[in-house]
Amino acid sequence: LTQPPPWGINTNIRLTLPVVCFVWQIAMIILFGVFIRYDEESDTHWVETKAHDNITSDIENDFYFRYPSFQDVHVMIFVGFGFLMTFLKRYSFGAVGFNFLVASFGLQWALLMQGWFHSLDPQTGKIFIGVESLINADFCVAGCLIAYGAVLGKVSPVQLLVMTLFGVTLFAVEEYIILNLLHARDAGGSMVIHTFGGYYGLTISWVLYRPNLNQSKRMQGSVYHSDIFAMIGTLFLWMFWPSFNSAITDHGDGQHRAAINTYLCLASTVLTTVAISSLSQKTGKLDMVHIQNSTLAGGVALGTAAEFMISPYGALIVGFFCGIISTMGYIFISPFLEKTLKIQDTCGIHNLHAMPGVIGGIVGAITAAAASESVYGKQGLINTFDFTGDFKDRTVLTQGGYQAAGMCVSIVFGVVGGAIVGSILRLPIWGDPADENCFDDEVYWEVSAVHNTTTGWCHCL
Amino acid sequence: LTQPPPWGINTNIRLTLPVVCFVWQIAMIILFGVFIRYDEESDTHWVETKAHDNITSDIENDFYFRYPSFQDVHVMIFVGFGFLMTFLKRYSFGAVGFNFLVASFGLQWALLMQGWFHSLDPQTGKIFIGVESLINADFCVAGCLIAYGAVLGKVSPVQLLVMTLFGVTLFAVEEYIILNLLHARDAGGSMVIHTFGGYYGLTISWVLYRPNLNQSKRMQGSVYHSDIFAMIGTLFLWMFWPSFNSAITDHGDGQHRAAINTYLCLASTVLTTVAISSLSQKTGKLDMVHIQNSTLAGGVALGTAAEFMISPYGALIVGFFCGIISTMGYIFISPFLEKTLKIQDTCGIHNLHAMPGVIGGIVGAITAAAASESVYGKQGLINTFDFTGDFKDRTVLTQGGYQAAGMCVSIVFGVVGGAIVGSILRLPIWGDPADENCFDDEVYWEVSAVHNTTTGWCHCL
Amino acid sequence: LTQPPPWGINTNIRLTLPVVCFVWQIAMIILFGVFIRYDEESDTHWVETKAHDNITSDIENDFYFRYPSFQDVHVMIFVGFGFLMTFLKRYSFGAVGFNFLVASFGLQWALLMQGWFHSLDPQTGKIFIGVESLINADFCVAGCLIAYGAVLGKVSPVQLLVMTLFGVTLFAVEEYIILNLLHARDAGGSMVIHTFGGYYGLTISWVLYRPNLNQSKRMQGSVYHSDIFAMIGTLFLWMFWPSFNSAITDHGDGQHRAAINTYLCLASTVLTTVAISSLSQKTGKLDMVHIQNSTLAGGVALGTAAEFMISPYGALIVGFFCGIISTMGYIFISPFLEKTLKIQDTCGIHNLHAMPGVIGGIVGAITAAAASESVYGKQGLINTFDFTGDFKDRTVLTQGGYQAAGMCVSIVFGVVGGAIVGSILRLPIWGDPADENCFDDEVYWEVSAVHNTTTGWCHCL
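Protein chains in written order, with this note's numbering: chain A, 111 to 571; chain B, 111 to 571; chain C, 111 to 571.
Simulated from the structure, these hints should not be mistaken for laboratory data.
Just to be clear, a hint being listed does not mean it is correct.
The list treats identical chains as interchangeable, and a pair is accepted whether it falls inside one copy or across any two copies.
Capping the alpha-carbon separation at 16 Å, the derived lysine to aspartate or glutamate pairs in EDC-like fashion look like this [said to hold, decoys possible]:
1) 488 / 503
2) 452 / 483
3) 236 / 150
4) 488 / 158
A quick note: this is a predicted structure, and the numbers were derived from the prediction, not measured.
Whenever a hint applies, use it, and build me the whole structure from the sequences.
Shown next as structure tokens:
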């Protein structure tokens, strides 16, 4: 009907998708065989390790410190991200299904990449994994799923797998630079996960700009039920965000404090999101898009500082401003990005991840620079910022500077990485949909018939 | 079309809702700044506290005793209550969205109110919070969400926020009287949460009685999909109720026993609910309203006694009768309440919370009075009923009396508080909907178009 | 309209369903009163037990080792199984509602049956229950819910309760033989749960074969929204399967390793499922049935070996093949079973449970036989396979043989038990639906009106 876009309209993925899945999964098996082993707490030899380390009880196994948080994070990745993206009226299969595919591949590759960079044992040449590795793999995947939000409905599953392969790779490198070289703290990933993932996705979306995307305008909205499905995603993300931000913080008070801070921050975000959403309409009606997304911005913005002594009212303040900024982002910035900067951001990840991620980086830098022994205690300060080993003489002011540097690294990796990967994804071989078929599950899924009644589309049966 | 109700039909909340949200959130920030601090287990000084208290491992931090239960409770509050109320065909946004708003505000105010009454440190004038505080705040919010169930679809979000402000305040006071002054036990809140919340909501609904509510009769039912959404709420409440009733009980056997008792009690409730539901129809068909609600009554009724040595078969018996009574409540009592007592109870909270809550109070009083050293052990009896300090000479019989007194306090607070708050909510300034617009999301939400086909409403797109 | 099937078309269950519910629930109360007591870790006497056993902290209570996993398993049973079966367009009430009923009854009966066979105290004649008993009861119920998947939409709730009564009974016996007499290991229940449950359900479905089932063909498919509801079930099963396979493994490294193995195995399964699903369609489109079901096959197949030192790449390999085999099962084997063997398997449990269960048994036997002290360590080998007491001289090769024997026992129990129970269910007294009314909630549920528009069925309102 209309002119085909430059990158082709052949959406047949019967060859490419199975090939990519098989090749990559076989590669994973081989690489796991060469590199990945159980760590000492998940190995049957633990009975000896335990005796050797004078550990008196099995309950001291890291499994019991982190497994409940891990499962919460796991729910966020698969149900949270997956269902949050089901809001489109006819792209729910793609939302939840491709999210499932991308995350399942990504977490395997993440275990390898993060292992090589963070925990390769120099003597044995092996990567030893435990429950904390699983959490980190899920975190890494989150970065790629954020990026998926920007291109939702406009790419093929093969493109998503390519995007994830490179995304996880870039993630592991920037994470290594930020956490290991710069020694910045970022337990909940404001910088490492959200800022990187946000700009990675936005840049890819910019490179893949579709000037004629309004040809699929009829499919771009939500319907009543799809908005409720999306709320399942929102709520599981919102409820479990305290686990996300505390999953890999220090045992004891570190996890405890991170959970409390995130809980408070998110509560505050909800109220200001509702306030701004209501203000934005003539009669004060609320917009589901805001409630589904902006209510989560506080969790993103506390990713770095959640483990710090930001104090309960500090957490509330961060949430207060994030709700306002994120909701205004949906009202004012998203249209601007699309019109002026040619960035089509399906889920508004700029408002939910990129911007709040940057805020989180700044909050982290400031609160780190403002830390003091009087508030943290002498040992508490050392523990919180890990001022040990090579970094034992670092001051909080220096730490603040490195935190800020870390944020810049994550932006640079997101933008530059996104530009390169976006260019690869423009190749006309990936089976992406034509402009008039975007946001439509029928391109990649067997879907039961849709009835076009006189009053509009009806897909009851 | 019809005569406007006495309290006005201006549902524009563009001024009131943002103002209330902002004023209250700013008040929270200020009050948190003045009063709320991390407790010793979530403070970086814990490394010193730990050493001082001879705690050998971080796993002894209260976080690890209670955080998994906290997250389960959190899911119950936001997904459980939120989705349980989505059963109406066109009020699912309001159900899950206003539930989200009310809970997010309420938990902040609850931390303050409960802090002032229960844990204000006399020396520093501060409230020190940890994971148990978060659970208690969620519990407090549950009381207000129960009350929301009675007025679902008939009030504006501003009214809900007002209702929550007073509801949390009343809750903290009655809780203080029941738990601290009367020294009653109520770990799962049969009295403190369910009885109070139930009567608070019912009385408000009675004050706000709408004689012409049948003008929105077309919106009062469910549709196929909305009933399935509601089952998400039902199941998460049902599954996690063992965590609810055990979240703040004693470490060790206390939490263990409370979880077992609730698990058993709820299983029993399901069978009798199904039996009575089937009996109530000519051909034995089941009614989704019963399955969605009455299956939960056992959890409510075991809120007080779950931590006692009620014994496994005792738990089954409580569940057995609650399933019967609650389902019969939906069949016989709800119509009576509406017709004769002029109480319009949208979700039937009388059958799910008020009545089972009272049963729970009675069960608690009887089982407390019947407790004995032969069953509990000497120290076990002291631990379970906390017969220490001022209460170290209390007998189980006396305890039973105080339990019963506690139940009366919760009823009185619910009814009197509800009457006062209801009167405030009658003021014609809150933007509540007209009788013909009740149970309709279009009043407060941007909703995609609804198509009126010849065969009825269709909101597919 | 058509000839009534031999077993009658009277679907009135107003007498039978309430009677069965009441009789069985009262029987449960009496039997619990006689037999079931709290175990020492959930009894108030624990304060003395603890002192006696030199346990220094409440955190050593088994509750803290297993309760988070228990809650995950609980979610799998009620939301996972329940929602997975909601995929049919008009049988979602039956799917989630009867699942709820069956599981609630089954877990009570399972506590008794498993108690009598596994943990009856010879001195007191009592069964002492704790959190591990609750997990085992949920596991036992899982076997019956798997069987429900084969007959979904074709039986009455009364038949389901009968099926569960016998199913739990058979389960407890085969479990006793496999775990206690043969001393096979099967922590995640590849054999005991999935193989047994699968063949039990398939055989029942074979006995209840309906030659004219195509009379309800119009109801046998899914609609767009029902497929998304089913994905809720899929994802919660998938995410929490690591908890399922690790819930009752050894404290410490045992639970840790089982969770890691299952996490990896399932990730691998997703990729090969997607690959085969895409290959099976001319244009490479994906089929929701495969994504909903086959992605879970890896979890089933690792049920036995998850706690072994199968190594991370070993787990990936198991998942790799299970995704392929299970998806091919949906494409090729299910039609064959229906056409040639007259087995109508509504949910395809042969592909999701029976076949992967057998694979799991084989994998378990091989990995057990291949275990060595060099990999496990001397004490590790003893701990993992529990080579103590009567079995302290067993070799790994012998163990492999007993594992294989265990698998045969589970198949035999499934097939023989299913044949007997199926015959009982053929009696014309259970109120099962006529062929033209299968897969239709209107038979057993009050359902809001369905509008038949010119373009097809519409159940929007």
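Outcome of the hint check:
1. 488 / 503: Within one copy, since 13 Å is at most 16 Å while 45 Å is not.
2. 452 / 483: Intra 48 Å, inter 62 Å, cutoff 16 Å: neither.
3. 236 / 150: within (12 Å within a copy, 40 Å between copies)
4. 488 / 158: Close across copies (10 Å), not inside one copy (35 Å); limit 16 Å.
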